[in-house]
Amino acid sequence: MKQNRIIATILLVFIIFWAYLTTKLPETTMLGEPGPKFFPAVVLALMAILSISLYFTKDLEKTEVIEADEIDQVTEPEEELPMNGALKLFAVFFAGIILIYFVGFNIGLIVSLSAMLWMIGWRLFPRAILFSASVTLVIYFLFSWALKIPLPKGTLF
Amino acid sequence: MLEYLSQGLGIALQWENILFMFIGTILGLVFASIPGLTFSTALILMIPVTFGLDPVPAISVLLGVFAGGMSGGSISAILLGIPGTPSAAATVIDGYEMAKRGQAGRALGMAVYASVFGGIFSLLVLMLVAPQLAKVALKFGPAEIFALVIFGLSTIVSLSGTSLNKGLLAGLFGLLLTTVGLDPVMGLQRYTFGQSWLMIGIGIMPVMIGMFAFPEIIETFQRAKNNKGVSKEPTDKQVVKASFPTLKEMKSTFLLMLKSSAIGTGLGAIPGTGGPIASFLAYDQARRQNPRCGKGAIEGVGAPEAANNGVTGGAMIPLLTLGIPGDSATAIMLGAFLIHGLAPGPLLFQNYGDLVYAIFISILIIYVMVLVIQFFGIRLFVKVLDFPKVNLMIAILAMTVVGSFAINLNFGDVIIMFFAGLLGYLMKRYGFPITPLILALVLGYTIEDNFRKALVYSDGSLAIFVQSPVSLVFLILALIMLLAPLIKPLLEKRAKADKA
Amino acid sequence: MRIKKLLALVLAVILILVTGCTAADNEQKPEYPTKVIDMSVLFGAGGGADVVGRKLADLASKELGQPIVANNRVGGGGAVGYQYVLNAEPNGYSIVWNSTSISTSYHAGNMPEGQDYSAFRGVAKVTDEASALAVKADARWETIEDFIAYAKANPEQVTVANSGVGSFNHLNAVLIEQATGVKFKHIPMDATTSTTSLIGGRVDAIVNMAFDIIQQEQAGNVRALAVVADTRQDSLPDVPTFKERGFDADLTMYRGIAVPKETPDDVVKILEDAFIKAGKSDEFKEFAGKYGVTVNVLGAKEFEALMKEQDEQVAKAMDLIGMKKQ
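Chains as they are written, first to last, in the working numbering: chain A, 1 to 157; chain B, 1 to 500; chain C, 1 to 326.
These are computed hints drawn from the structure, not numbers from a lab. Note that the structure is predicted; figures quoted are calculated from it, not measured. Treat the hints loosely; a few may be bogus.
Label-pair restraints from in silico Cβ distances [unchecked claim]:
#: 1; chain 1: C; residue 1: D138; chain 2: B; residue 2: V136; range: 17 to 25 Å
#: 2; chain 1: B; residue 1: D498; chain 2: A; residue 2: S53; range: 28 to 36 Å
#: 3; chain 1: B; residue 1: P485; chain 2: C; residue 2: G201; range: 52 to 60 Å
#: 4; chain 1: C; residue 1: I321; chain 2: B; residue 2: Q467; range: 23 to 31 Å
#: 5; chain 1: B; residue 1: Q14; chain 2: A; residue 2: A146; range: 45 to 53 Å
#: 6; chain 1: B; residue 1: L491; chain 2: A; residue 2: A95; range: 53 to 61 Å
#: 7; chain 1: C; residue 1: K316; chain 2: A; residue 2: P26; range: 16 to 24 Å
#: 8; chain 1: C; residue 1: K62; chain 2: B; residue 2: L255; range: 52 to 60 Å
#: 9; chain 1: C; residue 1: K183; chain 2: B; residue 2: K493; range: 57 to 65 Å
Glycine residues also receive a C-beta, built at the ideal position from the N, C-alpha and C atoms.
Turn these sequences into a full structure, and let the hints steer you where they fit.
What follows is the structure, encoded as structure tokens:
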């Protein structure tokens with residue numbers, strides 16, 4: 001796999017997009033000062049150079065990494081966890097955050113935490129909900145009640 | 001001075017005062033050690049409380065939160081790999097590595113020792129040379145601060161680990177993120193897509209919470225899933241012993257502690273710089289001393305902690321001598337002074353010498369409290385690791401949401417936190433180090449702000465950066481740091497050739 | 001079994017919490033307020049605006065019998081907080097510690113079109129804060145006339161730091177130029193660093209809030225030459241106003257309480273009475289004085305007129321510096 005090439009390409013696409021946004025910024029500036037476009041432009045240029053250099057860098061072999069970390073021999077090389085599983089967890093949690101946005105903190109958090117627990121194999125729903133609910137309650141009392149810090153209210157009601 | 005000292009002792013040792021110091025210290029420690037809560041929140045909560053207090057207890061409770069918070073940030077950094085404050089971001093690198101090896105107690109012990117060392121060092125500086133140091137700090141204009149921060153940024157080179165290219169890319173990406181929001185000089189919206197929640201920019205706290213917490217949370221969940229949902233998978237059941245650094249360790253790290261504390265105190269005294277950059281600069285020093293830093297060395301924990309606690313005393317210098325707050329914590333303290341009709345500045349020392357000394361003594365007592373509370377607390381803190389890890393991570397997941405929301409009471413920050421988490425996970429997976437990004441995010445705004453403002457002063461002439469000796473020195477140092485990885489192999493080759 | 005019982009209990013508590021709150025909202029309430037009021041503070045915790053606002057909220061909540069909690073919603077020169085309040089339900093439970101920043105942030109283009117001062121209803125104006133022009137304590141200018149004369153002789157040479165492009169103090173610096181017929185070189189900084197740049201000798205003068213200048217004046221670091229206000233400030237009694245020296249500059253920052261325009265009249269009335277009483281109390285006056293803030297309470301009607309009048313002034317000044325976007 002040419003991992004570095006793929007990453008570098010993604011980065012370059014991103015840089016071009018951001019550079020396009022940068023050209024759209026208004027010109028307004030003060031005497032002597034380079035204006036709002038200057039700093040992003042410098043950063044983008046440097047990023048572009050490094051991305052191109054990354055494109056032509058050979059991927060590190062797994063063995064090389066381990067060799068480089070001689071001191072790390074105590075920890076055995078861990079097996080790679082599948083990325084799909086991780087992305088699924090992220091997706092579910094994002095759905096949870098959106099839910100909180102709409103229905104507010106209490107219900108939203110209980111549902112999304114329970115869903116996470118269910119995803120990782122807590123198939124006993126009462127236990128998952130019970131645990132999520134207690135976490136939510138503790139936070140609710142700590143913030144809303146004791147510290148008077150508002151929590152997300154929910155835009156639906 | 002002796003007279004003031006004894007009067008100050010009298011004020012500082014009143015039971016009411018001691019009580020408020022204690023409350024403040026505990027609050028700071030607790031708020032800083034819970035991921036998602038910061039000690040700034042604790043300070044804001046204390047503002048109304050200080051309305052009703054005498055001046056010294058009012059300042060004491062705030063000082064307690066400040067010092068407790070600075071040292072408490074290391075607790076979650078070490079135990080959970082999530083820094084409690086931006087100043088503790090450098091502590092994660094080695095602290096969490098040590099915790100993973102079952103040395104959490106040792107790392108916490110070192111952090112406490114270093115915190116107290118840095119705090120007391122900065123107090124001594126504050127007592128002895130505050131007016132002189134304040135004069136030096138005033139010399140730091142935009143050009144000097146720009147150079148200093150660029151120097152701080154150049155430590156990215158040593159934070160990048162195996163791939164310099166990827167480290168620099170991560171750092172540059174961090175810089176790019178700081179351009180979202182209102183432009184520092186003209187106040188124009190950049191990359192906000194018309195969204196009001198993006199006008200504050202991409203906050204350091206939401207990004208830090210997401211980037212450090214999510215990879216851990218996701219990994220734990222995936223492992224639990226592989227174990228068929230066995231939730232009671234405790235963390236590696238090693239006996240975690242609370243331990244203070246040994247005399248030998250104290251001796252071997254003494255110079256490093258001194259250096260780091262000095263870095264922290266110095267940067268604390270310059271308004272507009274502060275904790276995170278100090279701790280990264282100190283971490284860089286640690287790396288020079290012990291190449292094992294990054295893989296779990298006590299130097300890597302001690303240096304940043306000594307530095308960020310050095311900031312506490314340092315930040316008091318411009319506050320007390322000039323009445324100028326260097327950061328949000330001292331801004332709140334300035335408020336507390338004014339409520340009681342005290343105007344910080346040279347007159348404070350003349351008219352209220354006893355009060356000033358009471359504050360000095362209070363800082364000392366607060367650090368003794370930090371030492372005692374944390375030392376006995378270590379045993380309690382490490383108990384966190386006895387919780388089933390899934391349950392712990394679910395609680396942290398909940399706190400990431402609340403914590404990122406609570407900073408600005410802005411739901412946009414929760415979204416930012418989530419995407420930072422996703423990005424952090426992907427970066428880790430593909431070998432991009434996270435700390436350069438965090439460092440760049442902390443410094444980016446200051447860099448652009450001061451660069452452009454310096455040019456307003458000089459009518460656009462870049463000469464301003466080399467005409468000031470301070471700025472010139474820092475820029476040269478930064479250049480050396482950046483070029484070191486290129487020059488070093490050449491030098492080594494030459495040395496080898498000479499030998500042959 | 002045990003788990004199920006516990007679960008039932010927890011769910012019951014949550015149901016009560018959730019329904020308890022929403023039910024209270026939907027009922028026809030005979031009275032206001034019946035729950036916590038959220039006051040948005042537009043600037044960071046600990047600053048003058050924040051602390052004085054918190055004190056006022058504290059006193060007003062005693063009149064209302066319900067707590068008023070100050071929450072800092074910072075960003076966009078106030079725009080973030082203003083938009084939060086405009087998006088909240090106009091029922092009096094979300095109020096804003098308002099200031100001239102409604103005009104500066106609107107004209108700088110940080111508020112959506114049409115959401116200017118007129119999207120709000122004034123409840124009560126409470127305080128005035130003046131800008132002042134100050135020089136270093138050992139500077140050669142003893143009086144404002146000296147300074148102006150020097151600046152006139154050296155156009156665009158005298159450096160004057162303010163707290164940011166388009167900030168209130170920048171506008172005042174420009175208005176001073178207009179009134180006196182000189183040209184400064186403006187250096188945008190922020191509230192703290194403009195002071196350090198003056199003491200550190202990098203600029204000749206600053207225009208900053210009186211609050212930030214008094215402390216430095218008392219400490220003997222700076223000398224205030226004149227304030228931008230109708231009358232002299234209690235906190236700087238020896239410093240003349242530009243007006244009394246014949247220069248026509250008097251843009252003073254107001255602070256007060258505002259709510260979204262749609263808020264019902266009776267709610268506004270209740271709030272108005274509470275905040276007027278709190279603002280006029282001796283406790284508040286004494287407290288505000290320590291922050292260089294002049295208490296000058298106005299009721300809802302006069303406050304709205306003032307917001308309108310200031311908005312025109314600000315719009316004109318923003319236009320002068322080329323920052324007026326809408």
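Results of checking the hints against the structure:
1. C:D138 - B:V136: 17 to 25 Å: For B:V136 against C:D138, whose Cβ atoms are near 19 Å apart, the range 17 to 25 Å holds.
2. B:D498 - A:S53: 28 to 36 Å: holds (31 Å)
3. B:P485 - C:G201: 52 to 60 Å: Violated, since B:P485 and C:G201 (Cβ atoms, about 39 Å apart) do not stay within the stated range.
4. C:I321 - B:Q467: 23 to 31 Å: holds (29 Å)
5. B:Q14 - A:A146: 45 to 53 Å: Violated - the Cβ-Cβ distance for B:Q14 and A:A146, about 28 Å, lies outside 45 to 53 Å.
6. B:L491 - A:A95: 53 to 61 Å: Taking Cβ atoms as reference, B:L491 and A:A95 lie about 54 Å apart, which means the hint holds.
7. C:K316 - A:P26: 16 to 24 Å: The hinted range 16 to 24 Å holds for C:K316 and A:P26, with Cβ atoms some 22 Å apart.
8. C:K62 - B:L255: 52 to 60 Å: Once the Cβ atoms are compared, 57 Å apart, the range 52 to 60 Å for B:L255 and C:K62 holds.
9. C:K183 - B:K493: 57 to 65 Å: Cβ of C:K183 to Cβ of B:K493: about 60 Å, so the range 57 to 65 Å holds.
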